[in-house]
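So you can see what is in the structure, the chains are spelled out below.
Number of protein chains: 2
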Amino acid sequence: MSAGDRPKSIDLSHHLSDVSKARLPSPLKGLAKYISTPGLIPLAGGLPHPSYFPFSAIHVDALVPNSFAPITLEEHQPSTFSWLWNMFGLKEKTIPFTVKKYPEHPGDINLAAALQYDSAQGSIQLREITKAFTERVYQPAYEDWEILLHTGNTDGWSRIVTTFANPGDWILAEEWTYPSALASAHPWGIKAAPVAIDGEGLCAVDLRRVLSEWNEVERGGKRPHVLYTIPVGQNPTGGTVSAQRKREVYEVCVEFDVIIVEDDPYYFIQMPQYVPKEARKIHASPFDTDAEKYLRSLVPSYLRFDWQGRVIRLDTFSKTVAPGVRLGWFTCNTIFAERLLRQGETSTQAPCGLGQALVAQLLITWKPDGYIRRLRGLGQQYTDRRDHFIDLLHAKFHIRTSVSEHDFWKGRTVYDAYPKTGGLGEKYGTFGQTKYFSFVAPSGGMFIWLKFYFNSHPEFGKKPAETLEMQLWEEFAKGGVLLAPGWYFSADEENIPDGKYEGHYRISFSMATYPDMERGIDIIARVMKLFLDGQ
Amino acid sequence: MSAGDRPKSIDLSHHLSDVSKARLPSPLKGLAKYISTPGLIPLAGGLPHPSYFPFSAIHVDALVPNSFAPITLEEHQPSTFSWLWNMFGLKEKTIPFTVKKYPEHPGDINLAAALQYDSAQGSIQLREITKAFTERVYQPAYEDWEILLHTGNTDGWSRIVTTFANPGDWILAEEWTYPSALASAHPWGIKAAPVAIDGEGLCAVDLRRVLSEWNEVERGGKRPHVLYTIPVGQNPTGGTVSAQRKREVYEVCVEFDVIIVEDDPYYFIQMPQYVPKEARKIHASPFDTDAEKYLRSLVPSYLRFDWQGRVIRLDTFSKTVAPGVRLGWFTCNTIFAERLLRQGETSTQAPCGLGQALVAQLLITWKPDGYIRRLRGLGQQYTDRRDHFIDLLHAKFHIRTSVSEHDFWKGRTVYDAYPKTGGLGEKYGTFGQTKYFSFVAPSGGMFIWLKFYFNSHPEFGKKPAETLEMQLWEEFAKGGVLLAPGWYFSADEENIPDGKYEGHYRISFSMATYPDMERGIDIIARVMKLFLDGQ
Numbered sequence: 007m008s009a010g011d012r013p014k015s016i017d018l019s020h021h022l023s024d025v026s027k028a029r030l031p032s033p034l035k036g037l038a039k040y041i042s043t044p045g046l047i048p049l050a051g052g053l054p055h056p057s058y059f060p061f062s063a064i065h066v067d068a069l070v071p072n073s074f075a076p077i078t079l080e081e082h083q084p085s086t087f088s089w090l091w092n093m094f095g096l097k098e099k100t101i102p103f104t105v106k107k108y109p110e111h112p113g114d115i116n117l118a119a120a121l122q123y124d125s126a127q128g129s130i131q132l133r134e135i136t137k138a139f140t141e142r143v144y145q146p147a148y149e150d151w152e153i154l155l156h157t158g159n160t161d162g163w164s165r166i167v168t169t170f171a172n173p174g175d176w177i178l179a180e181e182w183t184y185p186s187a188l189a190s191a192h193p194w195g196i197k198a199a200p201v202a203i204d205g206e207g208l209c210a211v212d213l214r215r216v217l218s219e220w221n222e223v224e225r226g227g228k229r230p231h232v233l234y235t236i237p238v239g240q241n242p243t244g245g246t247v248s249a250q251r252k253r254e255v256y257e258v259c260v261e262f263d264v265i266i267v268e269d270d271p272y273y274f275i276q277m278p279q280y281v282p283k284e285a286r287k288i289h290a291s292p293f294d295t296d297a298e299k300y301l302r303s304l305v306p307s308y309l310r311f312d313w314q315g316r317v318i319r320l321d322t323f324s325k326t327v328a329p330g331v332r333l334g335w336f337t338c339n340t341i342f343a344e345r346l347l348r349q350g351e352t353s354t355q356a357p358c359g360l361g362q363a364l365v366a367q368l369l370i371t372w373k374p375d376g377y378i379r380r381l382r383g384l385g386q387q388y389t390d391r392r393d394h395f396i397d398l399l400h401a402k403f404h405i406r407t408s409v410s411e412h413d414f415w416k417g418r419t420v421y422d423a424y425p426k427t428g429g430l431g432e433k434y435g436t437f438g439q440t441k442y443f444s445f446v447a448p449s450g451g452m453f454i455w456l457k458f459y460f461n462s463h464p465e466f467g468k469k470p471a472e473t474l475e476m477q478l479w480e481e482f483a484k485g486g487v488l489l490a491p492g493w494y495f496s497a498d499e500e501n502i503p504d505g506k507y508e509g510h511y512r513i514s515f516s517m518a519t520y521p522d523m524e525r526g527i528d529i530i531a532r533v534m535k536l537f538l539d540g541q
Numbered sequence: 007m008s009a010g011d012r013p014k015s016i017d018l019s020h021h022l023s024d025v026s027k028a029r030l031p032s033p034l035k036g037l038a039k040y041i042s043t044p045g046l047i048p049l050a051g052g053l054p055h056p057s058y059f060p061f062s063a064i065h066v067d068a069l070v071p072n073s074f075a076p077i078t079l080e081e082h083q084p085s086t087f088s089w090l091w092n093m094f095g096l097k098e099k100t101i102p103f104t105v106k107k108y109p110e111h112p113g114d115i116n117l118a119a120a121l122q123y124d125s126a127q128g129s130i131q132l133r134e135i136t137k138a139f140t141e142r143v144y145q146p147a148y149e150d151w152e153i154l155l156h157t158g159n160t161d162g163w164s165r166i167v168t169t170f171a172n173p174g175d176w177i178l179a180e181e182w183t184y185p186s187a188l189a190s191a192h193p194w195g196i197k198a199a200p201v202a203i204d205g206e207g208l209c210a211v212d213l214r215r216v217l218s219e220w221n222e223v224e225r226g227g228k229r230p231h232v233l234y235t236i237p238v239g240q241n242p243t244g245g246t247v248s249a250q251r252k253r254e255v256y257e258v259c260v261e262f263d264v265i266i267v268e269d270d271p272y273y274f275i276q277m278p279q280y281v282p283k284e285a286r287k288i289h290a291s292p293f294d295t296d297a298e299k300y301l302r303s304l305v306p307s308y309l310r311f312d313w314q315g316r317v318i319r320l321d322t323f324s325k326t327v328a329p330g331v332r333l334g335w336f337t338c339n340t341i342f343a344e345r346l347l348r349q350g351e352t353s354t355q356a357p358c359g360l361g362q363a364l365v366a367q368l369l370i371t372w373k374p375d376g377y378i379r380r381l382r383g384l385g386q387q388y389t390d391r392r393d394h395f396i397d398l399l400h401a402k403f404h405i406r407t408s409v410s411e412h413d414f415w416k417g418r419t420v421y422d423a424y425p426k427t428g429g430l431g432e433k434y435g436t437f438g439q440t441k442y443f444s445f446v447a448p449s450g451g452m453f454i455w456l457k458f459y460f461n462s463h464p465e466f467g468k469k470p471a472e473t474l475e476m477q478l479w480e481e482f483a484k485g486g487v488l489l490a491p492g493w494y495f496s497a498d499e500e501n502i503p504d505g506k507y508e509g510h511y512r513i514s515f516s517m518a519t520y521p522d523m524e525r526g527i528d529i530i531a532r533v534m535k536l537f538l539d540g541q
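If you read the sequences in order, they're chains A and B. Going left to right, the first sequence walks through residues 7 to 541 as my numbering numbers them. Going left to right, the second sequence walks through residues 7 to 541 as my numbering numbers them.
No lab work stands behind these hints, which were simulated from the structure alone. Please note that the accuracy of each hint is not assured.
Pairs involving identical chains hold if they fit within one copy or between any two copies, as the list cannot separate such chains.
Derived DSSO-like pairs (lysine-lysine); straight-line CA-CA distance at most 30 Å [to be verified]:
id	residue 1	residue 2
1	K469	K39
2	K14	K416
3	K468	K39
4	K535	K426
5	K39	K535
6	K402	K39
7	K535	K469
8	K27	K228
9	K106	K373
10	K39	K484
11	K373	K228
12	K137	K484
13	K39	K228
Excised from the complex, chain A in its bound form (with noise of 0.2 Å):
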């Protein structure tokens, strides 16, 4: 689609804080065309001179595009084996580049720039690398999008709580959601409120129950007009929203007038259905390297589907370049972006200049191919993990499949684990009777969700199961095992989902070695077996 055949945003300014309203216009509005006449002597802003700068030159070996291999090889794990390289003193295969604060040629990065005071939308060209990333990728469904860079999208969803939302408030988020995005909120009243999660995500049927019944006495604040959403590798319950589900939700937020915030940092981090190990076949094109195909295979962003503007999608370096870079960007319609443009100028101003100049010149040395060839090994990376990890669960456990009934799994392979009895009726295949948890196999992201059952536990009933969750998260950690507990993530800080009967864990098989996830598994059997028997 070409952008001319796209609509124009709609106006949604009625959607901004009182706050965000009482921000001042641009100091520099009316006087830009004086101030960016050539030639003219600047003698207002009080910038150091860049000979001042202490860095002259920036020389950085940076990983090829392809250090992981973007398919399954059988009995490959390419990220265990990149772990090893620096324990066997193995060297990680780079290429060089170099920032100069002085550069050669004009369209270099320059460092001198980049160690600069600079706008607080970043700089020109890592917003020029975003916006042409974001075109081919996410394909935005209207014309008049804008770009913003941020330092992450923890502090991008900061930025939007003030300017969308007034003290009191009510937004809307997953049942179980990340915590911190309800700690953004939480210091000024305000609230979530659940919608739920079916097999395929959130569920768009429930949202539209929650907007139709919303009681403004009963809850004591307005029908909330801001959906927070994680869609891919959802956090904390691994669950991907398809194309056909991002329309059914995208319809109710234009029949009830809300805005969504897309945060989606796992975006790259889409998965195949889990296949168990022996089922298992190595990648049917291992030598595939069709980056648009790849690209069409992922699900589409909700801005896709956003022909009004009313997206406001959160995009971070975090996990395809690195979290310590503090980086991400905004796409959405400009009125948006010029509010949360006046927010950042009086709060982070512009991310950090080394952390843009490495990342933009990383890009530009990648090549736009480069760095999604890139993608689709980390992704792969991570799909290797998932499989090892739930590999290990089945070799630890005895699992039963089910196709899950209940609305939250809703037609999703479902897991069931029972211990391991040993001796003679492991031998003729009988086992524990006490299911531990079940778990469906995340669709993308780092994380398995996983349901701890407690009936079998001696104070089951006579204490609320967040309890017992927190005195098992304890016994795990004792033991030498670190998970996150479920009740951290309920977007409703009283009433946890299925609190009454069953804990909740959030493991992550982002970054534990393969022989810690498989100690760490035996740990989770062994004081499970403990906390529940006695024994």
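Put chain B on the given structure of chain A with help from the hints.
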């Protein structure tokens, strides 16, 4: 003074805003004992594996710490020369250092850690460096102060606004102040009550007057309890508050229970008195390299007098390293630091790891005394630039000198500038009687503050001076020189100090080349003549 001699801070937690008090405690509270257990298998956090980070090693060519002369050498203009380094292809004198993903020695800066998620406090190494620096240079007068990194003083102040002021509150600020500080507060309906400046900077007597005469009903808000101040090289007026004055201000703040936000980007750009070119001597002891002696020659920070822990000091690397690193730190009591940290966790998180790693390794490479040597050199650079700029004003205008009796510049040498008329009048020492502008030589920072007189303008008295100020500003811009208009710096948006008769401009001498400074002053002279005399 050793740590043991110092009192503990008093409890000032009643200064926290409602929003800050409502901010959640750390989710790790109480769990810390488990999380820090060595050998704990981490399956909780969504951290990418460092093998995926694309930067293997970063090699930097850094300026040597003694790149800039710490003394005035006649005919030696190092800032211009270093700028010319590039113009003529001369090389900057550099030392190399490297930051590696997998460093060889335990104490080395670890690029893998810098690229990972990190505590919003900032990296351990950079905190240790800044803490030692703060202890050595500022010597806080109480024991339990804390360091917290931020992404620059704009971020620092922006966090302070919502941590200490409720919507609708008033804060205190110098009558002329940094507009971005006001812009951070403005959206929350937080207004600045101006405190007068006199020849020694922020006026303690006027501070007491404002506080003691505060009328809640008239002002529509409680008596302010937060003072925002720029004590060195004040932006825009260029003044520096003496130790004695700081003591007086601190005492008033104790009496009225006001916390002091010391925004001090120009601390190391303190300057000796301006001496006209013909009387200027080469510095007495050009080879004096005693770091301690230099540090003790600087005006002490408010921290030096802070026996209660009511100062929040904002330090930034923007002027001492480069603005693009977006890096600075808070120094304050532990209760304030904890609340500011929580806020950082849900907004910027840690500053950019690349910035932190390269700045930390730079400071380690330079060593503490090397960094102080660098700061001396920088201070001298800006002093040279100030001197050169004022020399040029002397060369281009007739300057009459007097000691001010006006409150604002009381006791300081004021330079009144009259046009050069050329021809016979010039030859015989008579000149134009139209006073164009007045200024005092700044005692620090990057700016000269000029008061312009419009009384000979045909429209004088018919329209407010700020209108003439903006007309003239526009004429300057059309003529080819960009200044910062004075109204922009007024703490009181409606009543601009002296706004009835005079206009003001802030001129920066930090960035322009010496030839550009000269051209800029020529334009100012030409445009002013046309503006006032129509010729």
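How would you label the pair K106, K373 (within, between, both, or neither) given a Cα cut-off of 30 Å?
Close inside one copy (19 Å) and across copies (24 Å); limit 30 Å.
Homomeric proximity label, K402 with K39: Cα distance no greater than 30 Å
between (69 Å within a copy, 29 Å between copies)
Homo-oligomer pair classification [K39, K469; C-alpha up to 30 Å]:
between (68 Å within a copy, 25 Å between copies)
Give the relationship of K137 and K484 under a CA distance limit of 30 Å: within one copy only, between copies only, both, or neither.
neither (48 Å within a copy, 34 Å between copies)
With identical chains treated as interchangeable, where does the CA-CA distance between K535 and K469 reach 30 Å or less: within a copy, between copies, both, or neither?
within (20 Å within a copy, 85 Å between copies)
If the cutoff is 30 Å on CA atoms, where do K14 and K416 land: within, between, both or neither? Let me know, please.
The answer is neither: 38 Å in one copy and 59 Å across copies each exceed 30 Å.
Please work out whether the CA atoms of K535 and K426 approach to 30 Å or closer within one copy, between two copies, in both situations, or in neither?
Answer is within; shortest intra-copy Cα gap is 10 Å, inter-copy 94 Å.
Is it within, between, both, or neither for K373 and K228, if the alpha carbons may be no more than 30 Å apart?
Classified as neither: same-chain Cα gap 47 Å, cross-chain 57 Å, threshold 30 Å.
Check K39 against K535 for me: Cα-Cα at most 30 Å, and say if that holds within a copy, between copies, both or neither.
between (73 Å within a copy, 24 Å between copies)
From the Cα coordinates, with 30 Å as the cut-off, is the pair K39 and K228 best called within, between, both, or neither?
neither (43 Å within a copy, 42 Å between copies)
Are the CA atoms of K27 and K228 at most 30 Å apart within a copy, between copies, both, or neither?
Classified as both; 19 Å inside a copy, 24 Å across copies.
How would you label the pair K39, K484 (within, between, both, or neither) given a Cα cut-off of 30 Å?
between (65 Å within a copy, 10 Å between copies)
Going through the hint list in order, the structure does not satisfy hints 2, 11, 12, 13.
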